[in-house]
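Using the sequences provided together with the hints, build the complete structure.
Residue numbers (the working numbering), protein chains in the order written: chain A, 11 to 682; chain B, 693 to 772.
Hints were generated in silico from the structure; no laboratory data involved. Idealized CB from N, CA, C, for every residue including glycine. Be a bit skeptical, because a hint or two may be false.
Unchecked claim - With a straight-line cut-off of 30 Å between C-alpha atoms, the simulated BS3-like cross-links for lysine-lysine are:
| hint | chain 1 | residue 1 | chain 2 | residue 2 |
| --- | --- | --- | --- | --- |
| 1 | A | Lys100 | A | Lys50 |
| 2 | A | Lys677 | A | Lys233 |
| 3 | A | Lys100 | B | Lys697 |
| 4 | A | Lys309 | A | Lys677 |
| 5 | A | Lys233 | A | Lys271 |
| 6 | A | Lys99 | B | Lys738 |
Stated by the list, open to error - Among chain A residues calculated to face chain B with C-beta under 10 Å, some are:
| hint | residue |
| --- | --- |
| 7 | Trp91 |
| 8 | Ser106 |
| 9 | Leu519 |
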Amino acid sequence: MELRSGHEKAESLVGGSRRRAVRKWNVAFMVRESFMNFNKYVLYGLWGAAGAALLWFIAASWNMNVLLWFFVFAALALAWWGLKFQISKKAVALASLIVSGFWTLFAFLLFFPFPIPDPPQYVVGEVHRFSELEHGFARAFMGALGPNLAHSAAVYASAEEMAGMTTGGFLPNFASGFPFARATFGGTQLLDQLRAASPKGGDPVKIQQFPWKSYEGDHRPYKLGWNKGDFLLGDVAKQMGTTKASYSPHENTLMIKELGKWLGAKHVAVAAVDPRFFYSHDLLSAGTPLPLEDVKQYKYAIEFMVDQNWSRVHNDPGESWWSITKSGCAYSTSGWIAVRLAAMLRDMGYDARVGLGGQQYDTIESPVAFYSGGGEYGRLSNVVVPEAGGMRFKSAVVITDFPLEVGTPRGYGITRMCDHCDRCARACPVSAVPAGDMTVENGVKMWQVDKDKCARFRGGNLEGNCCNECLRVCPYNKPDTTFHTLGNYIIRHSLIAPYLFGNINGLGLEDWLDYEVSAEAGEFNVNRPARWILEEPGYKMQFPYQVGQYIFMPEDRSSDEEWANGTGVKMGKVGITYKGVVWGKVPDKFLDSNGRSRNFHHDAEPSSELPHNLPLPGKVLKMEEAKALLKSGQAFTGGTNHPDDDVYPPRSKYEHGFLSYEDAVKKWQSEK
Amino acid sequence: MQVIKVNFSIHWYTVLLILVELGLVAFGAWALIDSVNIGSTVAGCKFFLLFFIWSLPGLAVLLFFRPKEGDLPKSNTVAQ
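Put into structure tokens, the structure is as follows:
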């Protein structure tokens with residue numbers, strides 16, 4: 011490749027020896043020579059800048075902004091080269107082929123269907139059933155995190171109003187504190203009585219009488235079909251090649267999925283039940299144990315996932331009063347779908363029972379999503395289901411003995427992606443989402459969210475309830491367009507996609523694009539600086555602590571108790587150093603148009619909107635009293651981290667030693 | 693009758709580069725349209741800008757990286 015400018019060619023006319031001689035003493039000539047070599051120096055400078063950008067891109071761990079500078083400088087260098095120097099045909103061919111080849115290789119790495127990573131094995135040790143009273147919201151409502159948070163409703167409702175809510179069947183909390191939230195969550199309250207044909211676990215369940223005289227609840231003497239004539243839905247008939255139902259598990263599954271989607275589910279998952287899915291103790295009846303003997307007939311779980319709606323998640327900042335209503339809407343809708351289809355299954359002569367949101371479940375839902383092959387666990391301790399908007403869904407579950415064809419775990423590359431992406435961890439206002447590697451808790455290796463921190467902030471945020479920030483920034487939170495379906499394909503298959511989209515070590519494509527800014531909501535689509543309910547300064551929770559029939563033991567103390575009572579008030583991300591950023595000095599790139607960080611707390615609220623010295627909803631016991639109540643069967647306790655001897659009633663045979671999901675399912679299927 | 697002569701010649705590698713550039717810009721346009729449709733105008737503009745920036749080196753080659761006269765391929769001539 012010839013790199014000679016017109017000036018150089020003129021210079022070459024001067025004899026070589028004379029030029030060298032002149033160079034030795036003639037400064038003026040040197041200056042003139044330098045000026046004539048200006049074009050060359052500019053070219054070297056541009057290539058140098060491009061090279062530096064590339065090195066910086068690598069040094070800054072795949073920072074997208076820097077990568078873009080590489081392309082700009084490379085283009086400028088090529089343009090300068092072409093404009094100021096003679097270019098040979100060979101050089102043009104070479105440059106064209108290098109650029110084309112680069113993008114062809116890039117396209118190959120991005121679009122070629124490379125093998126998808128296998129789904130991870132999450133169960134690595136002894137797994138204990140989870141007590142429903144041990145999840146973050148239950149602990150908040152029940153007072154295990156302190157009295158102020160348990161009385162969060164008091165900040166927007168008078169004592170009379172709270173009493174009214176209680177009488178009306180609502181827990182006075184952040185989910186029932188204002189009209190639309192009460193309306194949407196009210197849907198789940200209305201559905202509660204339709205969950206099953208008979209009560210289990212102390213639930214306030216009523217039988218919905220079927221008008222046919224032959225109906226005897228769980229004991230119908232014969233099975234009914236879908237309809238008279240056993241006609242399949244048209245699209246299922248097309249898949250089966252016949253209109254006549256045969257009630258094979260495969261066909262049953264197709265029908266249930268089709269009916270679920272028809273009723274409004276975005277995705278329907280079917281998995282075999284592992285008995286460890288069942289909660290050990292029931293929340294709404296404040297601690298009723300749920301013995302596995304009572305639920306042996308339930309071999310299959312169907313999860314109906316309802317999208318919380320891209321537009322709502324996109325346009326309403328998480329820390330606003332609207333956030334919780336998204337949950338309420340999707341919980342009510344999924345509950346409605348599940349209740350109707352469970353009623354249908356019961357009327358057909360099978361047993362079916364519904365778990366619906368947010369507190370009326372019998373099982374943990376997320377394993378159903380994973381073991382059905384719907385997705386993988388992500389950094390948020392929950393299953394990302396690409397077909398249902400990532401994690402932007404709420405779901406209800408039907409457990410049944412209706413024969414179904416169950417799914418098996420499938421790889422989606424989600425764990426690989428989350429391993430390279432920490433947008434949710436960075437967005438979390440209280441650093442509840444783990445930024446590092448997976449950890450093992452309760453025999454399960456996955457990313458574990460700090461549920462107490464998360465629940466305290468979502469339940470006690472005085473500038474709007476719930477949060478939604480992690481959902482909003484998740485790269486999987488996209489509408490169901492062809493463009494984003496292609497994006498999901500790329501993430502599943504491509505080896506470079508996690509580096510391109512992820513940002514664990516730098517700034518990823520998602521950061522650069524800034525999807526969370528909405529044109530529809532405009533400047534209103536920003537969060538307010540957050541304030542939240544703290545416990546009194548120096549407050550320390552006393553254990554054992556009894557609420558209803560349930561006793562929280564010392565093992566249940568929140569690991570974040572000091573954080574929750576405002577000690578030091580260095581809450582959230584303030585003062586934490588992460589990736590070279592000291593939170594408290596918010597980088598400009600994280601500031602919104604008002605100069606406020608979208609993921610940073612500006613002040614804390616030591617309960618100035620609450621009366622002081624609020625009582626706990628339950629009572630503190632002495633250890634001897636607690637032990638006596640537990641041993642006599644008058645109270646119960648559980649929890650995944652309790653020793654076996656401290657769990658009442660005792661753990662089941664499925665909760666001792668390592669047991670894989672597949673083996674647990676096999677054993678459970680054989681239980682009569 | 694007026695005779696219009698059109699001289700047009702292009703190397704295969706230039707065709708390849710043009711296709712690559714069109715692909716990049718088309719992808720950027722698709723991203724822009726999709727993002728605007730879902731209310732993410734900022735993301736759409738940035739997406740298009742991303743693909744445009746990615747296409748810049750190729751555009752520089754196409755527009756400014758020209759061979760010397762004698763290196764041009766023999767032209768095809770169309771006469772009417």
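Hints, verified against the model:
A hinted pair counts as satisfied when its Cα atoms are at most 30 Å apart, and Lys100/A with Lys50/A qualifies at roughly 20 Å. Restraint check for Lys677/A and Lys233/A: satisfied, since their Cα atoms lie roughly 26 Å apart, inside the 30 Å limit. Proposed proximity of Lys100/A and Lys697/B is supported: the alpha carbons are some 28 Å apart, at most 30 Å. Only pairs whose Cα atoms come within 30 Å are accepted, and Lys309/A paired with Lys677/A is accepted, the gap being roughly 11 Å.
The suggested pairing of Lys233/A with Lys271/A holds, with an alpha-carbon distance near 24 Å, which does not exceed 30 Å. Taking the CA atoms of Lys99/A and Lys738/B, the gap is about 35 Å. The hint is violated against a cut of 30 Å. About 7 Å separates the beta-carbon of Trp91/A from the nearest beta-carbon of chain B, less than 10 Å, and the hint is met. Residue-level restraint check for Ser106/A holds (minimum Cβ-Cβ distance to chain B is 4 Å; threshold 10 Å).
Residue-level restraint check for Leu519/A holds (minimum Cβ-Cβ distance to chain B is 8 Å; threshold 10 Å).
Of the numbered hints stated above, the single one contradicted by the structure is hint 6.
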